Amino acid sequence: MGLIQRYGVNGRRGVKLSRLGIKMLNILYLDDGEKHLDIDTDTIRKELEELENILKDILARINGFHAYSSITSLSILYSIFKHRQMRGLRLDETKIILSKGHAAPALYAVFKFFGILDDDDFIDAFTPGSHIQSHPVKGCPMVLVSTGSLGQGLSIANGIAISHKMRGDPDDVYVVMGDGELDEGQVWEALSTASTHNLDNIILLIDRNGHQLTGPTEEIKIKEPLIEKLESFGWMVERVSGENPEDIINALNSLGELSGWPKAVIVDTHAHM
Amino acid sequence: MMYSFRDVFGETLCELGETFKNLVVLDTDLSKSTRTVYFARKFPDRFIQVGISEQDAVGMASGLAISGKIPVLAVYSMFLLRAWEQIRNTVARDNLNVKLIGTHSGLSDYLDGASHQCFEDIALMRILPNFTVVSPSDTTSTKSLLKQILSFRGPVYMRIGRDNSPHIYEDEEEIILGKANILFEGSDITLVSHGAMTQYTLEVAEKLTREGFTVNVIDMHTIKPLDIDILSRKRILSTPIFVIEDHSIYGGLGSAIAEYLSMTHPSHVYRIGVEDRFGTGAKNYLDLLEYMGFTPNKIVNKIKVVLNGI
Chain H
1 MGLIQRYGVN GRRGVKLSRL GIKMLNILYL DDGEKHLDID TDTIRKELEE
51 LENILKDILA RINGFHAYSS ITSLSILYSI FKHRQMRGLR LDETKIILSK
101 GHAAPALYAV FKFFGILDDD DFIDAFTPGS HIQSHPVKGC PMVLVSTGSL
151 GQGLSIANGI AISHKMRGDP DDVYVVMGDG ELDEGQVWEA LSTASTHNLD
201 NIILLIDRNG HQLTGPTEEI KIKEPLIEKL ESFGWMVERV SGENPEDIIN
251 ALNSLGELSG WPKAVIVDTH AHM
Chain V
1 MMYSFRDVFG ETLCELGETF KNLVVLDTDL SKSTRTVYFA RKFPDRFIQV
51 GISEQDAVGM ASGLAISGKI PVLAVYSMFL LRAWEQIRNT VARDNLNVKL
101 IGTHSGLSDY LDGASHQCFE DIALMRILPN FTVVSPSDTT STKSLLKQIL
151 SFRGPVYMRI GRDNSPHIYE DEEEIILGKA NILFEGSDIT LVSHGAMTQY
201 TLEVAEKLTR EGFTVNVIDM HTIKPLDIDI LSRKRILSTP IFVIEDHSIY
251 GGLGSAIAEY LSMTHPSHVY RIGVEDRFGT GAKNYLDLLE YMGFTPNKIV
301 NKIKVVLNGI
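Sequence order for the protein chains is H and V.
For the first sequence, my numbering assigns the number 1 to the initial residue and increments by one for each residue that follows.
For the second sequence, my numbering assigns the number 1 to the initial residue and increments by one for each residue that follows.
Keep in mind that the hints were calculated from the coordinates and are not lab data.
A portion of the hints provided could be inaccurate.
What follows is a set of in silico ranges between Cβ atoms, one per label pair, in the way DEER data are often shown [said to hold, decoys possible]: (1) H:214 / V:260: 40 to 48 Å; (2) H:185 / V:45: 40 to 48 Å; (3) H:91 / V:147: 34 to 42 Å; (4) H:130 / V:228: 32 to 40 Å; (5) H:91 / V:182: 37 to 45 Å; (6) V:237 / H:90: 42 to 50 Å.
To be clear about the criterion: a stretch of chain V counts as covered by chain H if any three or more of its residues have a C-beta under 8 Å from a C-beta of chain H, and this derived list gives those stretches [claimed, not checked]: (7) 86-95; (8) 177-184.
Given the structure is predicted, the values throughout are model-derived calculations rather than measurements.
Ideal Cβ positions, reconstructed from N, Cα and C, are used throughout, including at glycine.
Let's have the full structure, built from the sequences with the hints guiding it.
Have a look at this one:
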């Protein structure tokens, strides 16, 4: 594979960095320049352990409702906020949509860890009228939009990303999507919209845990080859292991420097809590 | 003189683009048909082409509303319903400032036939919490109501026809969102209508007047919230009420009025609409009205059958 990839989709033709190109850029530019991140692996392990305990407490309140999906999303959600923290970006201004709304407990755990929610917020959690519901609802701090119905988060994020561009707001918009959600046609509509409109302020993270409600993803509806599918839709793609949050953080860091294309990080995850 | 609902919509949207700086228009590859192309030419930076993807477009409109824009999405009513679940779960649930315009509604898309003719939209949109549902009856009310729905914060569904828009109101006449207009006053029969059928309802009223009846005619351009004040007037309640609409007899304005009156003032409400069936293609609008039973003569006959039975 070369550093540059020829590209022709959505009526546009051009070249973009290949995945190898992104890695080279990472080595040549990011590792030498001021954008380099000093990731302390021990701290990350410790923080993730603490987070897992917070998540366990939250899941215990709802008898482990959608536990698997929350557990596999945890390192992804953590990495988004950790990366912003390391880059000195405001955490309370993070524009994030949890498209896989059923992983809300992981989102709440991360919010609690980073001080966006505190113990008081959890007093009436999961009771009628609470802003902490089993799927995210508007009214909960930082929740931009209620989710729960699958496959819709990226379209909404695209709308936010376009308005950011219209008013010159440099902030990125993060979307955390499940791999099961990829069955929905709307996801592919939105993937195409993002590249058509050059939404390079969109960062999509896919929790590739390999499972959906009734079984393994490839038995229900084939998702692979996912990198190629996303690339053919005009996205810059990185694929990393969810076992190592530092890899997710590095991927966010290197992709964040690139412009012209929407960016996706496929994160291969496993539940080990 | 006949004008076109979509032309007046497209032209007004263009004018309002000057006033409402946050107004953005989304399109699902229909702008030439919905006439949002006028806006696209004047404000290319505020026009977003989403392609033939209604669900994606509703999601994008939601995102734009979350970011403080006033998104207007104009789609054929029939195909907007393809994104009903997105409308329900995001726009309605989060009470977002999204303005949905369903064009080519009811019988107005005569040539395209059953796949495009939508008689279900009012039923599906008026059951959504937070939604306002409007159906202007002519050029003046289309202009006026479009401006009014952009002026308040909240989700709206506005239903308009394709062409064949009459001129019922003079430009200076007051059309207020949520307040029905009384076009005729009488004491024997009440006719209520909305949208494109209002002009034919007026013809029905003239025919009935010639036969010696005195008739109330109400243009219920705002279907939700329903103008319950006007429905509670003695002059209306003392007459049989006929609701005439190019929508299914199930779930439309007729149902809305019957639901309300059944609780407060049990009355005879007769629904003249599309009777549990699909449409069909026709070479011109009047042929379709004739076939579907919506010409003034056919409506008069239906009313007389009821009156003879009372």
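For each hint, the structure was consulted:
The hinted range of 40 to 48 Å is satisfied by residue 214 (chain H) and residue 260 (chain V), whose Cβ atoms lie roughly 44 Å apart. With their beta carbons about 29 Å apart, residue 185 (chain H) and residue 45 (chain V) fall outside the hinted range of 40 to 48 Å. Look at residue 91 (chain H) against residue 147 (chain V): about 41 Å separates their beta carbons, and that is inside 34 to 42 Å. Between residue 130 (chain H) and residue 228 (chain V) the Cβ separation comes to about 34 Å, which falls inside the hinted range of 32 to 40 Å.
The beta-carbon spacing between residue 91 (chain H) and residue 182 (chain V), approximately 57 Å, falls outside the hinted interval of 37 to 45 Å. In this structure the supplied range 42 to 50 Å is violated for residue 237 (chain V) paired with residue 90 (chain H), their Cβ-Cβ distance being about 60 Å. Interface restraint, the region 86-95 of chain V with chain H: holds (5 residues with C-beta to C-beta distance below 8 Å; minimum three). Coverage of the region 177-184 of chain V by chain H is violated [criterion: at least 3 residues with CB-CB distance below 8 Å; count 0].
Of the numbered hints stated above, those contradicted by the structure are hints 2, 5, 6, 8, listed in ascending order.
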